[in-house]
Each structure stands twice: as structure tokens, then as C-alpha cells.
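These protein sequences, in sequence, are chains P and F. If you're matching positions, the first sequence starts at 19 in this note's numbering and goes up one per residue. If you're matching positions, the second sequence starts at 20 in this note's numbering and goes up one per residue.
Simulated from the structure, these hints should not be mistaken for lab results. Nothing here was measured: the structure is a model prediction, and the numbers come from that model.
SDA-like cross-link-like pairs, simulated, lysine to any residue; straight-line CA separation at most 20 Å: (1) P:Lys-145 to F:Glu-326; (2) P:Lys-145 to F:Leu-399; (3) P:Lys-178 to F:Arg-153; (4) F:Lys-200 to F:Leu-436; (5) P:Lys-169 to F:Val-139; (6) F:Lys-327 to P:Asp-298; (7) P:Lys-302 to F:Pro-398.
Spelled out from the first residue to the last, the chains are:
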Amino acid sequence: MKEQEEINDNGRRGFIKNVAIATVATAACGSLSCSCSSKKEVVVSGSKIKLLSPDGEIVEIDSVYLNHHENMAVLSQHEQRVGMAGKKFVMVVDLSRCKNARKCVTACQKHHYRPEETEWLTVKLMKDSDKAAPYWFPKQCFHCDNPPCVKVCPVDATFKRDDGLVLIDNDRCIGCKFCMAACPYSTRVFNWDEPDMPFDIRDLKYNAETGVPAKVGTVEKCDFCPDRSREGLLPPCVEACPNGVFYFGDENEDTVSNGDETLSFSQLIKDRAAYRYQEDLGTKPRVYYLPPKDRQFPVERGYENLPDKLKERFKDIMEPKS
Amino acid sequence: MELNKFQQELFEKQRPVIEKFGKKTWGWTIFFLLWILVGWYALYLQIAKGHSVTGMRDNVVWGLYIANFIFFIGISYAGAVISGILHILKVEWRKPIIRIAEIITVISTIIGPIYILLCVGRLDRLHHLFLYPRLQSPITWDVFAIATYFTGSVIFLYLALIKDFAIYRDAKLNIPKWKQKAYKILALGYRGTHGQKRHIKISTNLMAIVIVPLAIIVHSVLSWIFGMTLRPGWHSTIFGPYFVLAAIYSGTGVLIIAMWVYRKMYKLDSLLTDKHFIYLGYIMMALGAGYGYFTFSEYLTDWFSSEKWNSEVIEKLFNPAKYGWWFLFANVAGITLPIFIVAFPKTRKPNWIALASFFMVIALWVKRYLIIVPTLESPLLPMQDTRIEYVKYSATWVEWALTFAGIATFFLFFTLLSKFITIIPISEFGETEKAKIPAVEMDHKNEIVPA
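Sequences and hints are given; from them, build the entire structure.
Laid out in C-alpha cells, this is it:
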């Protein structure tokens, strides 16, 4: 009996030892392969490109040193979640300039292949109190630093990146809509039906940075167009606005631009007394609003020429039944 | 298995129910199956055409399905608390009703989560909940909580059933072979030995003690799916206790209704006595008072303060043109009616109490709807949407069909289960050897004399 137990003991010990060795070996191999597949060496290609330097001189450099913009669809899931190093995107919206031209809305829909009814960016008509003057209030996603939507996602489909963006992985999303219930700014929209995508877009691999193609049964929202930022361009809403309402930029660099002006972010929000919408909710939005003081246009300008369907939205405020 | 005289009579009375599957049972089964079939068609439409066949849209993202989910998990508290607490307190008169209570729990805990599945946009990705769970999310807490709760309830029900399975196994019933074999397997070789009895007694006590805090945690977690959001009408600290109390309350109501139905159907007046209805009625009254107090506190506080945060939701609930009448019904039928019916001796009778329970259960369903929908219809930012279905939620026939299909499933499971196990547990009533619990006596009115 005792011998039997001894044999069994050795068997157990031996087994545990083998498992431990196997685990360590696997981990070592895994970390080795990880480090092997890291940074690639830059190999000079030989073909030269002529460029104009900021000083006005013509310089020639090898084409391999230019920023090659990856085909967006090739971004791995991991890269989509990590974000752009060193950046911290921020937006400033100048409410004194908005006249509800809605060019931003259509530009956003066009860039993301979304129909007219899907508004990731909406323009609301806000009236803070009875005697206060109404003002046009364009609202994207605030990409909060303390996002209530990210907190509640059960599968980590919506995530906050180091570059400040809150994105949605629509290959992960299960469509429980908890994030929609949790967002106090009504920013998110849902694909209740099979979305109508152009046929060449429909079969693309989904990319969280473009939000394309749309997937049925998932949630979507404004993403601050990181695909444009990777190319050094401004989001379509910023560029399309005829009045330069949106300033988009990098808090780390302390610059924001609306396509025409490039300003210091900290100076702008200090000089113009910027605020964040519903600051006391503690979500720490990354969108700052400049108060609608010294307006460029009277508020009626944004209402008079609207199609009837859109006028209906604001009738209560613009034509109150006294 | 040896049965004492009382157990013999009890068994003989219920024997025909588990032996026969008569015409009446077939009739009910087919009736429920028809409702379920309509539900399946509605589900097919929802999957094939997309969720736009429901009434849910971007503002009211949760509607009838989530109300049903909360409702069913709520009524599942019949077993958890009534069975559990009455067991811990060693209350004699609980014996005939514990099985009904536990069956309600197990069946509701199956049906409730199905409604979440109906609400979810991507059923093909449910495994993501287990592959990529995010521990900070109240939904993840919910998945774990309900899974644990369901397991616990099934164990609790099964432990109480083992002795009965042994009785059915040994009773030489006139049943098909598969049923006899099922009883044999499920009885786990129980022979009534001293050791086995001890094991079951200890396990049952342990489960009863565990299931009470588990039940409290489950419904609190459920309430925090709402309570942890930044929405008026949801972001209230009272939600945890409020939901738990409402759950126990509605569970008691469903238990009373189930008791009443079985009493009528199988003429069990001597077992499900007037006293049972009265005692459960007292429990219902006490819980109703507590629930009423919480409701009053919640809405008085919201209504009294000047903050704009709550004003839109409160206005919707008190405005007769909006949800005012529903709110009134939910509170009158849900709180005042049951309390008054039980308070007055004249109406403290089984039929009245069952009627009050029936309206109370419906009122509590309406209340769950009123918690979910008006809040979602009152976002902080003005909606400014011209599409009426985005502004005001109205459930479509698909959602109603699936609601009734769920209720029909509930009744169907009950019907089928009552053909497999006796509704009144037999083994509970007295042991044949030196019993700490004496064999139950019947008085001249053929009622159980409480020990």
C-alpha cells in the first residue's frame, strides 16, 4: 500500500513538473515570436521624390521615408484599439458662427456611406431657459475622458484609446444597446435593419477607424475620423463647414484648426470662455463649446430656408404658440 | 419507500395527475403551443427583417422585452424568498406550497433571460459575453448573477424532489417505461437511510441559507443596469432595494395565483387551505406596504425638488394625457388594493386574495414598463426628431406576440412539469422514524393542524 502511494506521489509530482516546464517553454516561445515580429528594418528603395521644404528649397529624398498611409482595412484589431501615438484629439465648436447650414451633417454621411436619416452629427436648436435666446448646437460624439458608454459595454466592443478617441468595434458588438442607454448625450445610433451600403463597400473588412461597412444589429457613432487624421487631413465636417465652426486638433500639440485658421487650443478656450456641455455629469468631454456671443448670423437664418421636414423639428422653439 | 397514513392519502389523491395525460391536459398544451407558435413566427420576422419590426428606436432602445425580463426575474422570487425564508424559519404551513414556489422560480429564471436574447441585436455573437467579458459592466455582473441564481434554484428544487422521486419510483405507478426509468435515475438511489436523510437535510438548509442573499444580489444587480446610468428616473440610489422588494412582492402574488389555480383544478382545498391564503396574504400585505413606502419616497422626492433633471419624467408620469392613468393603475392596483383587501376580514378570503394578487401582478408589470419607457423618452438633449416612432415608443404586434408567447411558455412548462411531479410534496409530511417534525394531523374540518 505504501509503495503504491509512493509511486502515486512521484506520479503527481512528475506531472506537475512536466506541466510547469511545458508552460514556461510555451511562454518563452511566445515571447520570442512576439519580439521577432516587431519593428521592420527600413530598406532604401532607390527611387527618389522631389519635395519642397518649409524654407522654400527643393530637396530629394528616398520615397521609402515618406509617410505611407496604410490601407485602412489592413489595420489590425490591436492597432485599432491602441490608436495614434502621442496624439490627444480635441474639438472646439464655435456656437457664435453656426447657422445650421448642415453641410457638416451631409459631409459626415457621405464620408461614412450613411443615409440621410443616420445622423452621427446632429444640429440641435438649444434654448437654455425661457428668456434665453435659442442657438444652433452641432453635436458629434464628445469622446469623453470618463466615458459612461465604455463603462457599461459587456464585451468591450466600445473602447477608449490613448489618443482620446472612443471607438466601436462592430465585429465585437452584440447589440445590447446598453451604451445607448448609458450615453447621456444621445450620441449613438443603432442599425435596426440591414444597412444600405454601396456594393463595393459592403464586402470590405470592418475597420473601427472608418466605421465602414455598417453592420446590422450594432451601435455606431461619430469617430472623429481617425482615418483622415492618419493622412494629415481634417474630418469632413470640419472642412465642409462654410463658417469655420469646428476647430479640430491635438491637445498635446496645443493646436486646433478649422481649415482656415490654426490657433492655440489653450489660448482659444481661455479667451473665448469655452465650456463643456453638462460639465457636472463628470464625463469629461473632449469637445469644448464657445458660447454663442456676438453671433455672425441671427438664429432665424438657420431656420428660414430649411425643408419642411427639418423645420418641423424646431417649430416649437422658432414659432412658439403663445 | 415507506409512507405514513397521511402521506398515503396525499399520494393517492395526486397519483392520477402524474399517471394520466388526459384530454384536458392535451387541450391546454395545444392552446399554449399555439401561442408559442405565433411567438416563433414573430421571432422569425424579427430575425429576417431586422429589429425595425419592433417599436424600439434610437431613443427608446429598451422596451417590452426588457420589461418582460425584469418582470419574470421578479416573479422568480416566489421560490427564492418564500421557500427559502420560510424554510429557514421552519414554518410548518410552508410544506404544501414550497414546490409550487420553487417551480415558479426555476421556470421564470429560464424565460426571463430569453427576453434579453430577443432584445439583443446580434444573437450570433452571444459567445462574446463569455470570450471577452468586461467586468466593469453591470450586464456582465448580471450574466454571472443570473447563471448562479438559476443553478442554485435548480439545486434547491431538486434537493426537495429527491425523496419524492424515490416515492414515485417505489409506488408501482401505471406509467410508461421511460418515466419509471427517469424516476429511478433522478431518485439517486435514495432509500430513506439515516445517512441519506441527514445529507439531504443539511444540503437543503445550506441552499436555503445561500439562496436568500443570492436572490438579493441578483435583483440588485439587475436594478443597477438602470441605476448606474446617468438618466433621470433611473439614477436613483433606492433602485437596489426597490427592485428586490418589488420582486419578492410580485413573486408572492404569482405564488398566490398559482395556489388558487391548483386548488381549483385538483380540488386541493384540504391542503392549500384558507389559512395558506391568509398567511400569504399577510406577507403580501406587509411587502405591499414596504413597496408602497419605497414608491412613495421615490416619487415624492423627485416631484418635490425643483431640479430640471427629473421634471420631464415626472411630468410624463403624472400627466393624464401621457402615462398618468397607467401610473395611477400601477399604484392603486399594485399597492392600495392588495393592502385593503387583506386588511379587512370580510375580504380576507382565498378568492378575494387571489383576485388582488392577479391585479397586483399586472400592475407590477405596468410599473416595470413605466420605469423603462418614460425615462428613455426623456433624454437630456432635446430629441427634435420628426419621426413619431423615434419620439414615442409603441410596441408592435411582434413584441406583444413574443410577450404572450413567453407567458404561454410559462404555463406550458408548469402544465408539463405537474404531470411529472406532484404539486404537493409528499415526503415533506412527516418521517416514519423518530421525527423531530411530528406527522401532521388533520382536524375535523380536514385541515392541517399546524404543529
